[in-house]
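**Q** Start from the sequences and build out the full structure, keeping to the hints where you can.
So the sequence lines, in the order shown, correspond to chains A and B. Heads up: the first sequence begins at 5 in our numbering, then just goes up one per residue. Heads up: the second sequence begins at 843 in our numbering, then just goes up one per residue.
Quick caveat, the hints were computed from the structure, so don't treat them as lab data. Incorrect hints may appear among the rest.
Pulled a few chain A residues facing chain B out of the computed Cβ check, cut under 8 Å [unchecked claim]: (1) Leu27; (2) Ala30; (3) Phe34; (4) Tyr39; (5) Phe43; (6) Ile66; (7) Arg67; (8) Ile68; (9) His69; (10) Ser70; (11) Asn71; (12) Tyr73; (13) Glu74; (14) Gly121; (15) Gly167.
From chain A, some residues computed to sit far from chain B (all C-beta separations above 10 Å) [claimed, not checked]: (16) Asp31; (17) Ile40; (18) Gly118; (19) Lys192.
Note that CB positions come from ideal geometry on N, CA and C, so glycine has one too.
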Amino acid sequence: MENNLVEIRWHGRGGQGAKTASLLLADAAFNTGKYIQGFPEYGPERMGAPITAYNRISDNPIRIHSNIYEPDYVVVVDDTLLESVDVTAGLKETGAIVINTTKDASYLKNVLKGYQGKIYTIDARTVSMETLGKYFPNTPMLAAIVKVSGIMKEEDFIEDMKGSFKHKFAKKPEVIEGNMKALEMALKSVKEV
Amino acid sequence: MSIRERLSGNEAAATAMKQINPDVVAAFPITPSTEIPQYFSTFVSNGTVDTEFVAVESEHSAMSACIGAQAAGARAMTATSANGLSLMWEMIYIASSLRLPIVMSLVNRAVSGPLNIHNDHSDAMGVRDSGWLMLFSEDNQEAYDNLVMAHRIAEHKDVLLPLMVCQDGFITSHSIENIELIEDEKVKEFVGTYKPEHYLLNDKEPMAVGPMDLQAYLFEHKYEQAEAMRRAKKVILEVAEEFEKMTGRKYGFFEEYKLDDAEIAVVCMNSTAGTTKDVVDSLRAKGIKAGMLKVRVYRPFPAEEIAKALSHLKAVAVLDKADSLNGAGGALFEDVASAMYVGGNQVKAVNYVYGIGGRDTTAKEIETVYTDLEEIAKTGKVENPYRYLGLRKE
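**A** And the structure:
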């Protein structure tokens, strides 16, 4: 029943677009024919406060309605959360964590308390600054989780995001190209620690 | 062909309202239902609908405006949650006693206090005796489908009662999920044109609405409301049958999930039902005869039918997402227990209050309910019928 269900948990800070990224991921997976859930865990939202968002992606209808406690993948949009939030809580060792960071391997292994699964990093700040000229980490992180989880083919993802961005940025088409570049650069920048 | 989409529960509700294109929508924003009038006001601004949108200054006014519009002869809708519904309370009773088939989308949230914006059913349970028809929805699909069926039920000449469609705040209202939408034209045809028999703007039939009604007749008018509620059962099934012909999706008073040959079962409403279905499947894989009954139509309460559907069980647990704070059980439990007692059904029953104020309810927790039920089925004893699920121990 749950054999093809992929569960993803996002950790970010209010204003960084983790919720939007989870909804965009749901969109992209939906467009490849999947059943999806994308939902944030609402708390007292404010800029900079830790927030959590979730995705379920499956070939079968999804009926469960609860938060995700044993995710296959975790995405950390802001590495300052690593010391304050237990980001690997329940994370399957067969899964992986993707972190937006420039910190080195020994720091990460230490702060992740011996997590035995795969650890991936991406410097989403550099990707974002080079392609968008501003710091929007959610677009690179979206590409990073698609790459790491393999929930869809990279070509399908890129093709689909073109359509999504056209729709999302209908009123500011000038940012579409930069966002597409951010996705492409991010796909190449993900590194396994 | 239906349209494959992905929408949040609030988007689904707003989409149904767009396709219904009511004459009047009057609403005031309140979390987590705010998005419904927000999206709908976009449809109004874009000219997608020709609804008169009344941006009122409070929920009391929202319901008052709906009452005025519906009494005048218009089809009126609104959306609210929790304290918004509390502020409507006076007018909620007026709407049903005037027999005005207003349709509301209620996005369930805990009623303050202390202040909490998250999901439970305390708002809905507060108006369970107000004479409104109440439909509950497991997910975005059901929130949408129930709204599409709502006017046909509420406006039927044998019913003429207001109707609220409930869904769980945030859990479904803010979760993007797959949904099958019905084409605009089909919804329009299904819902039909509102043709009230009596209405204020009919200059050929002057009438008074809401005059004083004292000892001589109020009793009879209340009896008529109760009769309409009883008659609604037939109409609800007829509309569901027609809806099934259009969409292939089957609706009744409740959904029975693997209940036929079950020995133990959970009764619940809204989004918890989906999680419970997964639990039932995993228990079945272990050879445990578990089942579930999800109540869709809470008002009118299908007492006889529920008593019959549960009669073969060894033990049943009723999950209440609101505490009646009466020391004796939640509202759904009392309704189910009373239905079983009157129906001559001696099944052992136990009540769990759960998920209060947005407390997340996991599959593991629901599994523990079935474990308790196995124990009750084995011993035939219920030590404490009034329990809590997911309450902090410390």
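**Q** Hint by hint, note whether the structure agrees.
**A** Here's how the hints hold up against the structure:
1. The beta carbon of Leu27/A comes within 6 Å of a beta carbon in chain B, closer than 8 Å, and the hint placing it at the interface holds.
2. Given hint, Ala30/A at the interface with chain B, holds; its Cβ is 5 Å from that chain's nearest Cβ, closer than 8 Å.
3. Annotation: Phe34/A was flagged as interfacial toward chain B, and the flag holds, the nearest CB pair being 5 Å apart, inside 8 Å.
4. Interface hint status for Tyr39/A: upheld, as the beta-carbon distance to the closest one in chain B is roughly 5 Å, under 8 Å.
5. The beta carbon of Phe43/A is positioned within 8 Å of a beta carbon in chain B (closest approach about 4 Å), and the interface hint is therefore held.
6. Interface restraint check: Ile66/A against chain B, minimum CB-CB distance 7 Å, threshold 8 Å, status holds.
7. A least Cβ separation of about 4 Å between Arg67/A and chain B falls short of the 8 Å threshold, and the interface hint therefore holds.
8. At about 5 Å, the closest approach between the beta carbon of Ile68/A and any beta carbon in chain B falls short of 8 Å, and the interface hint on this residue holds.
9. Look at His69/A: its Cβ gets to within about 4 Å of chain B, closer than 8 Å, so that hint holds up.
10. For the restraint placing Ser70/A at the interface with chain B, the shortest Cβ-Cβ distance is roughly 5 Å, inside the 8 Å limit, so the hint holds.
11. The beta carbon of Asn71/A comes within 5 Å of a beta carbon in chain B, closer than 8 Å, and the hint placing it at the interface holds.
12. Hint status for Tyr73/A: holds, given a least beta-carbon distance of 7 Å to chain B, under 8 Å.
13. Because the beta carbon of Glu74/A sits about 10 Å from the nearest beta carbon in chain B, more than 8 Å, this interface hint is broken.
14. Hint status for Gly121/A relative to chain B: violated, with the closest Cβ pair at about 22 Å, above 8 Å.
15. Given the 8 Å rule on beta carbons, the hint for Gly167/A is violated: about 14 Å separates it from the nearest Cβ of chain B.
16. Against chain B, the non-interface label of Asp31/A is violated: not every CB pair exceeds 10 Å, the least being about 7 Å.
17. The non-interface label for Ile40/A is inconsistent with chain B: the shortest C-beta to C-beta separation is roughly 6 Å, within 10 Å.
18. With a minimum CB-CB distance of about 25 Å to chain B, Gly118/A clears the 10 Å threshold, and the non-interface call stands.
19. At roughly 29 Å from the closest C-beta of chain B, the C-beta of Lys192/A stays outside 10 Å, upholding its exclusion from the interface.
Checked against the numbered hints above, the structure violates hints 13, 14, 15, 16, 17; every other hint is satisfied.
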